[in-house]
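Engineer: Sequence:
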Amino acid sequence: MLPVTQAMAQQKRQYQRTTEAQRSKIAEWLDLTDSIPVFQGVNLMVDAVGPGWYAFGGDFLSTEVALEVNLLNRFFPVVEVGYGQTDATNEDSELHYQTSAPYFRIGANYNVQYKKKRPGYIYAGFRLGYTSFDYDVDGPPMVDPVWGGELPFHLTDIQSRAFWGELLVGVRAQVYRNFHMGWSFRYKVRFNVKNSPNASPWYIPGFGANDNNKFGVTYDLVYQIPWGKSGKAH
61 MLPVTQAMAQ QKRQYQRTTE AQRSKIAEWL DLTDSIPVFQ GVNLMVDAVG PGWYAFGGDF
121 LSTEVALEVN LLNRFFPVVE VGYGQTDATN EDSELHYQTS APYFRIGANY NVQYKKKRPG
181 YIYAGFRLGY TSFDYDVDGP PMVDPVWGGE LPFHLTDIQS RAFWGELLVG VRAQVYRNFH
241 MGWSFRYKVR FNVKNSPNAS PWYIPGFGAN DNNKFGVTYD LVYQIPWGKS GKAH
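Just so we're aligned, residue 61 is where the sequence shown starts under this note's numbering, counting upward by one.
Just so you know, the hints here were simulated from the structure itself, not pulled from any lab data. The beta carbon of each residue, even a glycine, is placed where N, CA and C say it ideally should be. Accuracy of the hints is not assured; some may be wrong.
Simulated restraints, written as ranges between beta carbons of each label pair [stated by the list, open to error]:
no.	residue 1	residue 2	range
1	G117	N252	13 to 21 Å
2	L215	D119	16 to 24 Å
3	V98	S192	14 to 22 Å
4	V98	E154	20 to 28 Å
5	I285	F186	32 to 40 Å
6	P97	G118	28 to 36 Å
7	P200	Y279	46 to 54 Å
8	N150	I285	51 to 59 Å
9	D119	F186	52 to 60 Å
10	V172	V203	57 to 65 Å
11	L215	I285	15 to 23 Å
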């Protein structure tokens with residue numbers, strides 16, 4: 061029978077070997093065994109679809125920028141900050157709706173072609189979005205069912221907030237050195253929106269028209285901020 065101290069030492073060595081094996085498997089999965097620097101740089105992105113859609117007669121205007129961190133040229137945590145607004149009339153309901161507010165998204169992309177070591181790639185990702193905003197709504201006069209006559213319909217400074225998620229796939233290609241361009245196609249799911257007793261928002265900044273589910277698209281202009289050797293295009 062082994063002494064207590066010797067048995068404890070043996071257990072400690074076994075635990076260390078198990079831990080090292082687990083770390084080795086994780087390192088192999090992350091490709092750390094190839095001595096690739098974890099931090100590969102930062103990307104600054106601007107979406108061109110929002111302003112372009114509005115310029116061609118769209119009801120909604122949104123502008124947004126994003127900051128993306130490149131880890132191992134495989135994982136890309138990202139923060140998106142934007143500003144959405146509308147001042148339009150719904151042709152079906154004849155309601156005039158006006159709002160403007162910032163919105164925020166956080167999430168990550170995953171480069172499914174990270175092993176190919178190309179300057180462009182295909183990726184998949186997700187986002188969680190949130191906005192808090194006020195809106196005004198007015199429409200045709202309402203008829204008083206009791207006394208008759210018309211009552212004006214005009215509501216101002218209605219407070220609301222919304223929380224949603226997005227699943228996306230995209231493609232990105234190098235244009236020139238540190239400049240890239242790419243598309244992303246998004247499926248948006250509304251999780252929660254605050255309604256008032258008298259109205260519900262027609263447009264949600266950052267999400268779009270107030271539907272349960274919808275599709276969206278971005279066209280990203282990307283600048284890879286130089287950072288030593290990692291500032292070179294991949």
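Engineer: Does each hint hold? Answer for all of them.
Structural biologist: Structure-based check of each hint:
no.	hint	verdict
1	G117 / N252: 13 to 21 Å	violated (31 Å)
2	L215 / D119: 16 to 24 Å	holds (19 Å)
3	V98 / S192: 14 to 22 Å	violated (35 Å)
4	V98 / E154: 20 to 28 Å	violated (56 Å)
5	I285 / F186: 32 to 40 Å	violated (24 Å)
6	P97 / G118: 28 to 36 Å	violated (42 Å)
7	P200 / Y279: 46 to 54 Å	violated (38 Å)
8	N150 / I285: 51 to 59 Å	violated (42 Å)
9	D119 / F186: 52 to 60 Å	violated (27 Å)
10	V172 / V203: 57 to 65 Å	holds (58 Å)
11	L215 / I285: 15 to 23 Å	violated (45 Å)
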